[in-house]
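> Guided by the hints, dock chains B, C and D onto chain A, whose structure is given.
In case you want the letters, here they are:
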Amino acid sequence: MRETLRVRLFFVFGGIFFLLFCSAARNLPPWGSYRGPYGDVIARVSVYERHATDVVNAINYDYRAMDTLGEEFILFTAVLGVLMLLRREQVKVNEGEKIDDRIRLSLTARASAMPALLVTVVFGFYIGLHGQLTPGGGFQAGVILASAPFLLYVCENTESFRRVTSHRALEVIEAAGAGGYAVIGLAALALGVPFLTNFLPLGTTGDVFSSGTIALISACVGFEVTAAFLLAGYAYLQEIIAGETPEE
Amino acid sequence: MIWVGAGLLILVAVTGFGVVRTRDVTGQVIAISFYGVLMSLVFFFFQAPDVALSQITVGAVALPLMIMLAISRMKYRTVRMRKRERDA
Amino acid sequence: MPHLLHLLPYLVAAWLFFCGLYGLVSSRHLVHSVICLAILQSSTYILLLGIGYRVGGVAPIFADIAPGTVTVDPVVQALMLTDVVVEAVVVALLLAMVVKAHEKSGTVSPDELRTLRG
Amino acid sequence: MTANQAFSLTPLPVVVPMAGAAVMAGLRKWLSRATVDSLGILFSAITLAVSICLLSGAVHAPMVYWFGNWHPRGSVILGIGFVVDPVSAGLTVLASSLTLLSLVFSWRLVESGSNHFQPLMLIFLAAMCGFSLTVDIFNLFVFFELMSTAAFALCGLKTAEPAPLQGSFNFAVTNTIAAFLILTGIALLYAVTGALNMAQIGLSLGGRHDSLVLFAFTLLTCGFFIKAAIVPFHLWLPDAHAVAPTSVCVLFSGLMVELGLVAVARLRFLVFAQTFLSHEPQLRAVLFGLGTLTIVIGGLMCYGEHHLKRMLAYSTICHSGIMLLAIGAGGAIGFSALMIYLVAHAFIKGGLFLGSGILLHRLRGIGEKTLFGKGRSLRWTGLLWFLGAAGLAAAPPFLTMTGEANLFHQASDVGSSWISWACLLGGSLTCAAVLRVGMHTFFGWGTEPITDEAASIGELPETDAGDRRIFWYQYLPTAICMAVPLALVLRPGWLRVASEACARFASQAYMLPLVYKGMASSGPAPVLSVANADAMWHGTVALVLAVLLACSSVFRSRIRRPLRLGAFLERRLTPLRAMQSGHPGDYVLWLTIGVATIGLANVLLFS
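Quick mapping for you: the protein sequence lines, in order, are chains A, B, C and D. Residue numbers for the first sequence follow the working numbering, beginning at 1 and rising by one. Residue numbers for the second sequence follow the working numbering, beginning at 1 and rising by one. Residue numbers for the third sequence follow the working numbering, beginning at 1 and rising by one. Residue numbers for the fourth sequence follow the working numbering, beginning at 1 and rising by one.
Just chain A, same shape as in the assembly (with noise of 0.2 Å):
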């Protein structure tokens, strides 16, 4: 089909789409009036059940835990896919141009990267450990410390990069992270609850130590999020950094 006539065709009929939208929309409640009562009931009753201030945390990995399990292994699958696609076929490393190392950025630049990348693992590891008290959790506490090593990168630390990212211990971290997750499931299983269901003692609302198997699981998440994203993104780069020309 010819672009102008796909456009053309496309406008007709995705601008009945939008307005078949607009229309659905005039029976939604007002913007700002939520109803509930999922949330309601939720935000009433997680902090006396599960001694976690962050409902939203709760919710993630306690009352839909199941679906954070799904999401989880989403994850693991697309790095899993991402691994496979970009794997390496027949390359020849060309000798000499090895790994691109000269110092290009000043010496304070590269040095000034340190403190820097302190600075993120300590912020990721806040994050993490307080996921059930304060916006964080193991998510966004593995994006973050995933970002540190790109930091090396940018500073032009490039072996050092790759020494951290091409790790093979980094794909058995991913996977025992998602694994571990499972395995959290399980236990509450053999112990005769149902999968999934908080085993561990509840602690005192407020400590880092508290809401039993919340923390635990943020923490495998933590693990899980940190490694894809650095296999993924290594995975892109692995042909730049190591020089490597295609075969075809």
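For the record, the hints were derived by calculation from the structure and aren't laboratory data. Keep in mind it's a predicted model, so treat the numbers as computed, not measured. For each residue, glycine too, the CB sits at the ideal point set by N, CA and C.
Stretches of chain B that chain A covers, calculated by requiring three or more beta carbons in the stretch to come under 8 Å of a beta carbon on chain A: (1) 56 to 68; (2) 71 to 83.
For lysine to aspartate or glutamate, the following EDC-like pairs were computed, each having C-alpha atoms within a straight-line distance of at most 16 Å: (3) K29(D) to E171(A); (4) K75(B) to E239(A); (5) K369(D) to E448(D).
A partial selection of chain C residues facing chain A, derived with a Cβ cut-off under 8 Å: (6) P9; (7) S26; (8) F62; (9) D73; (10) Q77; (11) T82; (12) A92; (13) M97; (14) K100.
Just chains B, C and D now, kept in the frame of chain A:
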């Protein structure tokens, strides 16, 4: 208060259209990064700090970074292939 | 005007969905298509956020507010978190496909990359 | 096994393959190919065993399982629930047996992309099981997305050619849009009901049918129709099948596509049960229209195709249309027709795909012309192939016929017996296409096959070039696939149980107390199985027509010009083929046209 939120939403709508209309891919990466920041502002404004945090890490950083990496990998490939053709 | 204001996030969501579809239909670059898909996805964020919002509600985090305070809906936020992950994942996977397609055929234009006709 | 023990097994069909995939993917670099293959087979066998336990428990007493022990509080449902009734447990059994068969088939043979293939297959299995069991609509979306992600990755397994990447790109774009359509629909329903559990949504919606509910219905059904490859949303399916490895195609065509229809059925019977009470005829008209269109286009394209996997893919589209007719016919018998047909079709289509995998492995080709006359020595494969063809036509001994018998019964109840003609057309067209390929390949009869551009895609074999032997573990799954739909007919006792379970699944009055209180009320009266005489005739006629059509194509040089109907159909489908352009923009446009048209029709007909 709600008018500020409404303004933000309209800005999102306009930026979204802008991202789609940007035909140059590198420009689009910058646009989508801006869009991600804007989106996380909206989330923050409408009392969703958890999502805002994820959005700023994923939508404004990880996503554009991934697109950049993909583009640079493709460019690298093209440059390498051209160079090899010249050598041959 | 107030009537339109009551519909605003839903209209923005519909608009973004439309924009994403338009971008996909008219795309000439596969990476552009992927980004349009991300825009299309963001329509669901706005829709969910608009649905769960409550005027005067605070964030559903009881670290520093009294129990029983009126909050916005926490459930949609949990759903949005899942949605954010889905977005990242879909983009990563599609980009990997685009990169690989570029390696194999040297083009990123959907018009030129049409081996599966008929 | 007591009901209580079976109860605690509920999460395992999802969790066992997930954990297995994590183990296999984590240790991928250290394990040999054979070990990963065996682990994959082991985990899917465990899943199959667990699913069978679950099914046997569910037949005695259907139950509901609350994750995290979050039981409903009054009318509000807090957690995510799995409903284990014979239908959903049966689907997990089907999913795990198909996965097991295709993993056995690809043992040590099919390219595995450095051991990525097996964990992806297990995740795909977990997603299908979760999709069948869950009663929470957002959880359904999560498993939908998990299933799609695994499918996208599996589709791009053969990265050596550019075509797979394009096929999987189109697949990924359309199915991701499907996911967002579904999510938008979920959000709209959540806005008005404040619930995510399908039972609670259904309860809260009641008989409401304003533009909002209708639009949500449109979005959800269209999203699942994209998965189910209903015309005009079908364009991704041939592309995806042409490029995916054969053993993956078994799962795609066997169950993934049909699960989209099961989800539509679940929505219709549980969520929107009362929405269309006053508009049943209009709803039937919409679904019948879509189904018939799908059958005609799928059937014609199937006959005009010369790439084996694409041909089977079009036949899946056609049969998906037949199953949509079953949903359209509605009622308990209509739903049992859908389920019976689904089971039969899954095995037959799986067997045919495995057969084409054997051909690709042995003869190094997948185009009809390449294979012409080369399969004379493959007697067993030929036999299984022709059996599969007969099964597609719903010929007498096959289970497909029982499914169609139920469908015709229900259709004549609602006064639309004409749909049996659509089924006849679809069955004979797809059967004829398969027969034609069989006659050309295994007998070398007639003139050289007509071919086309598309038939040369994916010619690269997916197996190692050195070894062309076929082992027993490749014949065995193929033979099992063909034997099951025959064997199930020989033991008709289960049909009664199945139709009772289907009647309950299709009844909101039965499902609501099951979800809320976890106890089964006395269900609706079981539906007696229907007399097969009509369908027997029908199947035989379809088979005869198919043989005639295939012969008119194969022996086209020996018959007079006006009789060359088959060859005419093979050559003159240019406008239909133009729709299948391989351009993602076109696919998205067709998708938009479909959603807008269906949405408009829904609003005009029902409000």
